[in-house]
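Protein chains in written order, with the UniProt record's numbering: chain A, 1 to 449; chain B, 1 to 449; chain C, 1 to 449; chain D, 1 to 449.
Any given hint could be a false lead.
One copy or any two copies: either way a pair holds, since identical chains are not told apart in the list.
What the hints assert, rightly or not - Simulated crosslink set (EDC-like; lysine to aspartate or glutamate; CA at most 16 Å straight-line): (1) Lys137 <-> Glu113; (2) Lys255 <-> Glu419; (3) Lys61 <-> Asp11; (4) Lys342 <-> Glu205; (5) Lys367 <-> Asp203; (6) Lys91 <-> Glu113; (7) Lys364 <-> Asp203; (8) Lys93 <-> Glu113; (9) Lys329 <-> Asp203.
Everything labelled a hint here was simulated from the structure, so no lab data went into it.
One-letter residues, chain by chain:
There are 4 protein chains.
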Amino acid sequence: MCAIVGIYDNDNAARLASIALFAMQHRGQEATGISSSINGKIHTIKNRGLVSEVFDDDALKILKGNMAIGHNRYSTAGGDSILDAQPVFAKYKLGEMSIVHNGNLINKNEVREELTNNGAIFQTGMDTENLIHLIAKSSENRLRDRIKEALNKTIGAYCFIVQSRSKQFVIRDRYGIRPLSLGKLKSGGYIVASETCAFDLVDAEFIRDVRPGEMLIFSEKTNEPESIQLFEPIFRPCAFEYVYFARPDSDIDGKNVYTTRQNMGKTLAKNDKNKDFKADMVVPVPDSGVPAALGYASESKIPFEYGIIRNHYVGRTFIEPTQEMRNLKVRMKLSPMKSLIKGKSLLVIDDSIVRGTTSKRIVKMLKDAGAKEVHFRVASPEIKFPCYYGIDTPNQEELISHKMTKDEICEYIQADSLEYLSIDDLKKSIGDDRNYALESFDGDYFVTK
Amino acid sequence: MCAIVGIYDNDNAARLASIALFAMQHRGQEATGISSSINGKIHTIKNRGLVSEVFDDDALKILKGNMAIGHNRYSTAGGDSILDAQPVFAKYKLGEMSIVHNGNLINKNEVREELTNNGAIFQTGMDTENLIHLIAKSSENRLRDRIKEALNKTIGAYCFIVQSRSKQFVIRDRYGIRPLSLGKLKSGGYIVASETCAFDLVDAEFIRDVRPGEMLIFSEKTNEPESIQLFEPIFRPCAFEYVYFARPDSDIDGKNVYTTRQNMGKTLAKNDKNKDFKADMVVPVPDSGVPAALGYASESKIPFEYGIIRNHYVGRTFIEPTQEMRNLKVRMKLSPMKSLIKGKSLLVIDDSIVRGTTSKRIVKMLKDAGAKEVHFRVASPEIKFPCYYGIDTPNQEELISHKMTKDEICEYIQADSLEYLSIDDLKKSIGDDRNYALESFDGDYFVTK
Amino acid sequence: MCAIVGIYDNDNAARLASIALFAMQHRGQEATGISSSINGKIHTIKNRGLVSEVFDDDALKILKGNMAIGHNRYSTAGGDSILDAQPVFAKYKLGEMSIVHNGNLINKNEVREELTNNGAIFQTGMDTENLIHLIAKSSENRLRDRIKEALNKTIGAYCFIVQSRSKQFVIRDRYGIRPLSLGKLKSGGYIVASETCAFDLVDAEFIRDVRPGEMLIFSEKTNEPESIQLFEPIFRPCAFEYVYFARPDSDIDGKNVYTTRQNMGKTLAKNDKNKDFKADMVVPVPDSGVPAALGYASESKIPFEYGIIRNHYVGRTFIEPTQEMRNLKVRMKLSPMKSLIKGKSLLVIDDSIVRGTTSKRIVKMLKDAGAKEVHFRVASPEIKFPCYYGIDTPNQEELISHKMTKDEICEYIQADSLEYLSIDDLKKSIGDDRNYALESFDGDYFVTK
Amino acid sequence: MCAIVGIYDNDNAARLASIALFAMQHRGQEATGISSSINGKIHTIKNRGLVSEVFDDDALKILKGNMAIGHNRYSTAGGDSILDAQPVFAKYKLGEMSIVHNGNLINKNEVREELTNNGAIFQTGMDTENLIHLIAKSSENRLRDRIKEALNKTIGAYCFIVQSRSKQFVIRDRYGIRPLSLGKLKSGGYIVASETCAFDLVDAEFIRDVRPGEMLIFSEKTNEPESIQLFEPIFRPCAFEYVYFARPDSDIDGKNVYTTRQNMGKTLAKNDKNKDFKADMVVPVPDSGVPAALGYASESKIPFEYGIIRNHYVGRTFIEPTQEMRNLKVRMKLSPMKSLIKGKSLLVIDDSIVRGTTSKRIVKMLKDAGAKEVHFRVASPEIKFPCYYGIDTPNQEELISHKMTKDEICEYIQADSLEYLSIDDLKKSIGDDRNYALESFDGDYFVTK
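The task is simple: from the sequences and hints, build the whole structure.
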């Protein structure tokens with residue numbers, strides 16, 4: 001996941017970047033950072049923590065200048081170091097640059113090996129450092145040409161923003177796997193952000209999505225960003241953004257996330273093969289299961305009810321439960337609406353099942369609270385393959401759908417029935433006008449260049 | 001508001017108290033505290049901040065003993081001092097005691113004046129300090145009799161737990177205005193808490209509500225708490241708990257909060273005098289407006305939609321917006337679902353209107369996002385009077401319904417129509433088997449003793 | 001110990017109070033606090049920590065007004081609660097007051113018992129709370145008369161400053177045990193402080209010491225403070241202030257601390273009964289042993305050398321040493337000058353020996369570093385009795401001079417010889433024109449009223 | 001400045017490194033860090049702040065392994081980034097390495113330019129990053145040979161410790177400008193540290209100084225470190241370590257710092273050209289001026305007195321003084337002993353004068369406190385040239401001795417007389433058996449290779 005933002009030609013660049021990052025906090029809570037450029041010098045502040053913790057007025061006073069890029073980092077294995085926060089800054093032959101990146105470079109290790117064999121050093125674990133090296137090593141004279149050359153050696157799903165002392169270069173990979181949109185700020189200048197939900201908070205108007213394979217160049221000489229088509233586009237946007245990642249009020253490549261999720265629920269209901277029981281209510285696993293549950297309810301005419309409450313005060317550290325309170329952690333986050341569900345047959349909707357442990361705990365919690373039956377419905381297909389395109393899925397061995405059939409999973413999570421959305425239905429729910437990136441579901445690892 | 005909890009006869013008393021307070025965090029986020037008793041000594045830790053911030057393992061190690069009381073403090077005017085956190089501890093003639101309190105004593109100033117005239121000092125602004133003084137000044141020999149005598153001089157809405165070195169005394173006022181329930185811990189001992197939602201997290205079974213005018217005494221001599229009816233009960237539970245305060249999964253005096261809120265929405269729909277327009281969707285103001293909106297939608301058959309997203313990352317301090325971003329604060333918390341509501345006629349449901357400023361901002365936000373019409377519906381009656389029974393309402397001059405008629409408010413908040421739930425309909429929604437405390441709506445300040 | 005300060009009639013009252021407390025930080029590092037008065041309202045900020053940690057600009061912005069009192073708290077057993085920081089604030093019959101106190105009330109428990117028997121409550125462990133109760137309970141009409149009446153029931157060593165909404169009352173006990181001086185601020189108004197070293201930092205001119213038994217009243221009606229002799233003076237200032245507590249650049253009751261310490265060293269040298277050995281150098285235990293060591297060296301003509309270095313970076317918490325590093329703690333604070341002392345005979349000067357453990361560690365450290373002989377000299381008499389007059393000495397059982405003879409102590413700390421300053425020599429060193437409080441040395445607990 | 005430490009073959013490696021860094025805190029307070037190696041993996045923790053703040057037990061639990069290197073960073077201009085803390089870690093062709101560095105590379109910019117021209121990137125402002133690049137780019141197969149090759153391209157004053165997954169390489173430049181000593185830990189293994197004062201705290205025995213131009217290699221195959229003479233030694237140790245930097249209890253290259261400082265004071269007294277006045281006392285500017293002042297006093301027979309007190313509670317941030325309190329900052333750190341110096345003629349000894357502003361403030365402070373005359377003596381020669389060998393001196397334009405003659409400086413700081421130690425006398429004071437690095441005094445920038 002992760003979120004990136006770029007602000008160009010606005011005197012409040014870093015402030016606007018921080019507000020946009022705040023709006024995209026759901027894409028990464030581990031660390032955050034912003035680089036601004038002023039008078040030919042780049043200033044960077046980055047740290048672990050939430051946007052609202054890292055960027056106070058003191059920080060923003062340091063980040064002067066009329067251009068800024070920013071990043072929210074999702075918690076990933078091993079990357080606990082503060083050095084693994086972005087933007088990544090470097091001095092190189094042409095001066096200074098700073099980079100933010102959302103995505104995943106699948107040839108990271110090969111590139112690293114080649115680079116280190118030629119004497120390069122890596123100070124972080126981030127693939128973003130690869131790109132900086134490739135740019136610095138290019139023999140081209142202009143930064144735009146260096147970036148092009150670097151990207152020619154880069155395979156993966158990516159959205160980059162490279163900021164030099166006076167310019168910004170925005171690149172989306174040829175498949176358009178991760179989202180990236182362009183907007184115009186009412187207070188002047190431009191914004192590029194992973195999700196359009198950031199535009200509302202900073203008073204920006206959506207212009208268009210950045211095109212697959214496109215490089216946008218913001219420079220002092222132009223008012224409008226220059227557009228260069230770097231690679232021939234082969235559009236395959238990530239379906240998982242619609243299923244789970246993006247905020248429901250965002251529009252990704254022309255499709256509203258909330259609406260597509262509702263469609264997933266509706267389609268799930270329409271094609272539910274297992275309707276022998278009579279469910280008393282449709283219950284979402286909050287918050288991300290809500291739109292699909294509303295869709296399921298409206299299609300099936302079964303009443304929608306808030307059978308599970310989500311507690312938003314859960315912090316990072318808390319009282320360790322005693323031995324007898326094993327299931328406390330999930331219950332501190334989710335509480336069953338006891339009086340409502342007692343003796344009732346529930347149709348529970350979640351957005352996805354990854355390892356199965358949370359689903360199992362939810363079913364147990366609901367049954368302990370008195371639910372007569374729990375029919376589990378998943379508004380996405382079975383996740384059988386790890387994602388290498390920027391989503392933080394676990395190893396294949398940990399994916400329950402890799403190890404078990406649907407019936408075995410149903411038994412494992414102790415549900416009374418279990419249904420998934422089929423791959424075809426997922427495509428239809430988002431809109432069957434496109435060829436989506438579905439590698440987690442179908443194992444089609446199509447990125448080769 | 002505020003929340004209180006008592007744990008009796010369990011070796012993890014303070015830990016369980018902290019978990020219960022965590023479950024009741026919605027009743028107060030300003031400060032929190034716990035007193036435990038061990039070996040005839042009371043230990044207290046209290047501080048500003050959330051339960052998950054104040055009570056880590058280090059704190060719990062200090063709070064040893066098999067009995068504990070705890071408190072969450074709601075943010076109230078002037079009470080910014082750490083001294084205004086509870087429990088309030090005191091040494092007095094018979095030894096040590098610690099007290100937690102939820103409610104409001106309406107003869108606070110008279111009692112204070114009498115006490116100070118007789119030489120007492122007050123180190124805090126809390127009315128809880130009154131009770132401690134009255135207990136300490138009593139000429140009775142037993143603590144239970146001192147408490148009785150003190151309560152005889154106390155007028156107001158209250159739930160108290162007084163903890164001595166080896167006993168706990170639990171009192172609910174004769175009107176039962178504020179909620180208080182008794183449960184049995186599966187790991188041993190008893191719990192008393194403001195809301196039953198705390199019982200689930202600590203694995204406790206609900207026994208019964210504490211009765212209006214009842215004192216429960218937990219002491220080493222008894223397994224079951226001793227019950228004494230201190231005052232003749234005149235049951236008038238607070239309607240506002242159902243409207244707004246309590247968590248939807250709590251049952252208060254035998255009525256589930258979520259269900260009563262749904263009923264409010266249904267009744268509102270049934271009796272909506274203003275139905276000339278054709279609303280495209282029912283949209284709740286999240287989170288507390290959701291159950292009523294579901295009720296309205298199910299009754300009216302207008303589709304329920306999540307037209308407003310709530311951002312839960314809003315912290316305490318954040319980047320000050322620039323001059324041009326005046327409305328940023330409400331928008332950082334609530335975001336309109338632009339694509340969904342564009343060109344639509346919305347029926348927006350909120351739980352209440354107090355000052356009117358937030359409602360006005362919500363209407364503006366929705367219209368700016370493209371809503372064609374915004375019809376505002378309030379799942380409670382007009383708030384015309386301040387509450388003196390423990391709810392933190394502002395002065396009467398700030399209450400918009402004190403200053404304006406319904407039509408004027410509709411104009412002020414720029415809604416296309418506005419309807420409230422009538423007082424009668426509110427009573428029916430909760431259940432017309434009882435005489436509720438409705439002073440905010442009808443000005444009936446009935447507490448006289 | 002502890003330090004108190006009062007600033008009257010200066011628009012920067014709280015700021016000046018914080019600077020004065022900073023200058024007196026050596027008298028107490030556990031907690032600090034300031035109360036200011038403005039528009040008939042008293043504001044208080046107090047917390048654990050150093051003055052420079054608690055009082056930043058944000059804190060001082062809250063503490064508005066042209067009068068302020070402040071306090072530094074010394075670490076004392078059991079008083080770990082934030083409630084035990086001063087000033088102590090209370091509302092009482094006549095309004096608001098805030099008190100700071102340096103000293104110790106020896107009839108604290110009797111007064112508490114009488115007060116609690118009459119229904120009073122105590123929320124802290126501090127004897128300062130006694131005084132507030134006594135003031136509040138007085139039947140007098142004017143605060144000054146209430147304070148008088150309260151002091152009539154108070155036995156002990158004390159300096160108080162009581163601040164009401166518009167006045168300050170400064171009291172020093174009839175014996176003048178603890179120091180207290182009056183100064184005039186060049187920027188306007190007056191200062192009262194425990195030590196004159198505070199005057200330099202705030203640009204104040206020393207006027208005179210507050211007299212034993214005197215009450216100074218600062219009020220809006222007068223420019224000069226009004227002086228009332230409350231009690232007949234029986235002047236017996238504490239000798240320990242000169243020996244150890246006070247900062248060397250302070251003048252206490254007309255005598256400079258540094259000079260008296262030098263005199264102690266000189267007298268110690270003059271009357272040293274044990275001179276058979278030939279010491280190579282006089283080495284102080286830094287920092288408080290330095291002036292006496294200089295005196296000893298100048299009198300004995302033995303060269304003064306910095307044989308022990310003090311590390312000032314020692315913080316509150318640090319790496320726990322492993323099992324093998326038992327003596328690390330004293331060595332992290334004090335380091336021997338190995339090259340200098342190797343093979344040398346040292347005459348080590350410390351200000352006092354309390355429990356003997358530190359002295360033992362110092363001797364061992366010096367011998368481990370190669371010292372041939374360590375002759376220990378103490379610039380004060382043997383401490384055989386606990387102090388009840390405001391100095392934080394341990395119980396009598398822990399005092400090594402209570403349990404052992406001089407020779408036994410010498411053996412215990414493994415010194416080659418040991419000498420103390422006699423009581424008579426101590427008196428002479430400070431100036432034999434006065435009757436000093438010497439209870440730690442001679443057990444004369446003279447305070448009876 | 002800065003301090004470095006290496007611990008080899010001890011199970012408490014990181015703990016011992018932290019204690020050693022604590023002992024060397026005076027060499028750098030801005031940031032600190034430690035890298036440990038275990039199971040072929042290097043773990044690093046570094047942050048801004050003091051050693052006692054950064055390294056608590058939680059940090060040390062992460063830093064497992066039986067070898068560790070550490071660093072204290074001195075505050076230098078521009079290096080406010082956390083990225084500029086050391087050790088610097090990198091993955092490169094042969095695996096992982098981590099480096100600490102004390103000193104300054106004078107061909108830093110040339111090397112950087114060459115490296116960036118060849119495509120290298122620099123993520124920090126530290127010259128240490130140069131060395132890592134050079135090591136990584138070497139075509140040699142063994143790390144020791146790569147380090148050699150890298151050092152062949154490196155000009156400057158340096159002490160490095162390079163830690164790989166299982167070895168440590170310690171290098172001191174051919175001039176031995178910065179100190180570095182080798183010790184044997186009583187608990188097993190070896191220590192290398194900038195100053196011997198670190199040895200005492202970790203219970204290590206001094207073996208010898210690392211030789212100029214020597215590389216020590218600690219590897220699993222050997223018990224004793226392997227020694228390789230990398231460069232022909234041209235011994236020129238830094239005189240400033242003796243004058244100001246090092247702790248007085250350290251021995252540098254066989255000479256005790258305290259003793260050399262005393263000698264400087266004695267020599268200053270012996271050759272003082274200006275003795276017409278009769279000084280009443282010798283007063284050091286604490287703490288670093290103390291040994292020289294003792295030397296001056298013993299030679300001149302003028303009494304040594306503590307005329308200036310140093311306050312050690314000065315934290316990083318504090319109350320801003322009001323407009324009228326301009327000189328507060330120096331006075332919060334240093335207080336004049338008013339009673340002692342009033343009407344007296346003082347001979348004040350400081351270790352050096354850099355910009356002159358502090359000296360001017362000290363003279364003013366003493367005269368304001370009543371000193372009749374202030375004769376300023378400096379225990380080092382005039383600083384006329386900036387240091388490029390690892391000492392943080394300002395630009396030449398800011399050096400007062402670059403801009404003014406001795407008489408002009410005397411007038412500027414308002415002293416009654418001013419004398420410096422001559423360069424020859426400085427050499428003699430340390431020991432005229434060596435050719436010292438004296439570039440700050442004589443401008444002889446001798447480092448060429």
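Is the C-alpha distance from Lys91 to Glu113 at most 16 Å within one copy, between copies, in both cases, or in neither? between (22 Å within a copy, 10 Å between copies)
16 Å Cα cut-off: does Lys329 pair with Asp203 within a copy, between copies, both or neither? Classified as between; 13 Å across copies, 38 Å inside a copy.
Lys137 and Glu113: within-copy, between-copy, both or neither at 16 Å Cα: Both. Shortest intra-copy (15 Å) and inter-copy (13 Å) distances satisfy the 16 Å Cα cut-off.
What label fits Lys255 with Glu419 when the C-alpha limit is 16 Å: within, between, both, or neither? neither (25 Å within a copy, 35 Å between copies)
As a check of your reading, is Lys367 near Asp203 (CA-CA no more than 16 Å) within one copy, between copies, both or neither? between (46 Å within a copy, 15 Å between copies)
Intra- versus inter-subunit Cα pairing at 16 Å for Lys93 with Glu113: between (22 Å within a copy, 7 Å between copies)
Between copies, within a copy, both or neither: which fits Lys61 and Asp11 at Cα up to 16 Å? within (12 Å within a copy, 30 Å between copies)
Tell me, please, which holds for Lys342 and Glu205 at an alpha-carbon limit of 16 Å: within, between, both or neither? between (48 Å within a copy, 15 Å between copies)
16 Å Cα cut-off: does Lys364 pair with Asp203 within a copy, between copies, both or neither? Close across copies (14 Å), not inside one copy (45 Å); limit 16 Å.
This entry does not satisfy hint 2, going by the numbered hints stated previously; all others are met.
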